[in-house]
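Visitor: The lines below spell out each chain.
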Amino acid sequence: MSTAWDDVWGSDDDVETEQSPDLAKLREHHSKRGYLDGIVSSKEERLQEGFNDGFPTGARLGKQVGVIMGILLGLQVRFGDTDDDLRKAYIEAQKELRIDRVLSKSMFDSNFDLKEMHPLVSKWIDVINDYCEKYHVTPI
Amino acid sequence: MDFDNLLNLEEQYYQEGFREGQNENITQNFLEGKQYGLQVGFQRFILLGQMEGLCNVIESYGLQNPVLVKNIQTIRTLMKDVKMNNDDESVVEYEKVLVKLKNKFRTVLITLQRLVKNEKKKGLTFEIFEDVSKTIAGEIKGFVEDENTAERKNTQDQAQSW
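Heads up: the sequence lines are chains A and B, in that order.
For any residue, its number in this note's numbering is found by taking its place in the first sequence, counting from 1, and adding 106.
For any residue, its number in this note's numbering is found by taking its place in the second sequence, counting from 1, and adding 7.
Take these hints with a grain of salt, some might be off.
To be verified - Incomplete in silico selection of chain B near chain A, CB under 7 Å:
no.	residue
1	G40
2	N93
3	F133
4	V139
The set of hints was computed from the structure by calculation and includes no laboratory data.
As the structure is a computational prediction, the values presented were derived from the model and not from experiment.
The beta-carbon is built from N, C-alpha and C at its ideal position, and this holds for glycine as well.
Required output: the full structure, derived from the provided sequences and hints.
Guide: See below:
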């Protein structure tokens with residue numbers, strides 16, 4: 107920020123060389139006002155742009171996690187008391203696929219983009235598809 | 008210097024500052040918004056996914072009840088129309104379809120309960136179904152519902168104001 111201010115106040119030499127103190131004051135006042143407004147207006151725009159950019163990826167991940175949990179929940183209700191592994195998988199998935207795990211920084215690159223398939227989601231799709239085969243459910 | 012010139016100068020200084028301010032924290036703000044977008048997208052679509060997954064399981068029961076079959080079909084068709092972006096029309100459509108989907112799905116679960124009545128087992132209720140997605144999506148911690156109603160409303164308000 108200090109460099110930005112230096113830039114604003116320090117670039118006087120090329121224009122009016124002998125600026126009156128009044129003019130300097132005027133400049134400081136209005137430029138500062140503009141600067142603060144600029145920060146606010148840009149922040150809102152960038153936040154909105156980022157939001158719209160991230161939303162579809164989040165939606166896709168949420169949907170996938172939902173499908174996984176839906177199948178596990180359904181199978182668990184039906185076969186959970188005879189299939190220990192299934193019951194454990196259901197409990198494990200509830201922990202591993204929580205939003206804070208799935209959307210944690212470590213799952214993305216520095217721009218919050220996915221490099222490839224989401225590691226946790228693709229792991230659980232494999233698990234689920236094995237159960238789908240076992241219990242004759244349409245796989246994901 | 009006359010009055011007009013003075014006003015122009017004020018405007019010029021203001022614009023200089025404005026441009027300077029606009030260039031602050033661009034990347035940081037964008038990424039902050041993106042993280043929030045990821046979160047809200049996730050929260051809006053987990054329930055739909057869960058419905059889809061459960062429909063797969065329910066179909067695997069092989070029940071030939073025409074009402075059940077028809078309702079599952081309707082759910083799948085409705086789901087195809089939901090777009091996964093944050094455009095205004097998409098959000099309006101999402102809200103509308105979500106209400107229909109929930110109602111249909113509630114009916115599906117009730118029909119299922121009736122068809123596979125089992126006295127030893129607790130069946131799958133809409134509340135259990137909803138709680139799973141709320142837990143995963145961080146809207147409730149554990150299976151307690153009431154204490155987080157306020158928090159959930161907050162997220163929604165914030166999402167709408169964006």
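Visitor: If a hint holds in the structure, say so; if it does not, say that too.
Guide: Each hint tested on the structure:
Below 7 Å, beta-carbon pairs count as interface contacts, and G40 (chain B) has one with chain A at about 3 Å; its hint therefore holds. A hinted interface residue such as N93 (chain B) counts as satisfied when its beta carbon comes closer than 7 Å to some beta carbon of chain A; here the least separation is about 4 Å, so the hint holds. With a cut of 7 Å, the hint placing F133 (chain B) at the interface with chain A is violated, because the nearest CB-to-CB distance is about 12 Å. Interface hint status for V139 (chain B): upheld, as the beta-carbon distance to the closest one in chain A is roughly 6 Å, under 7 Å.
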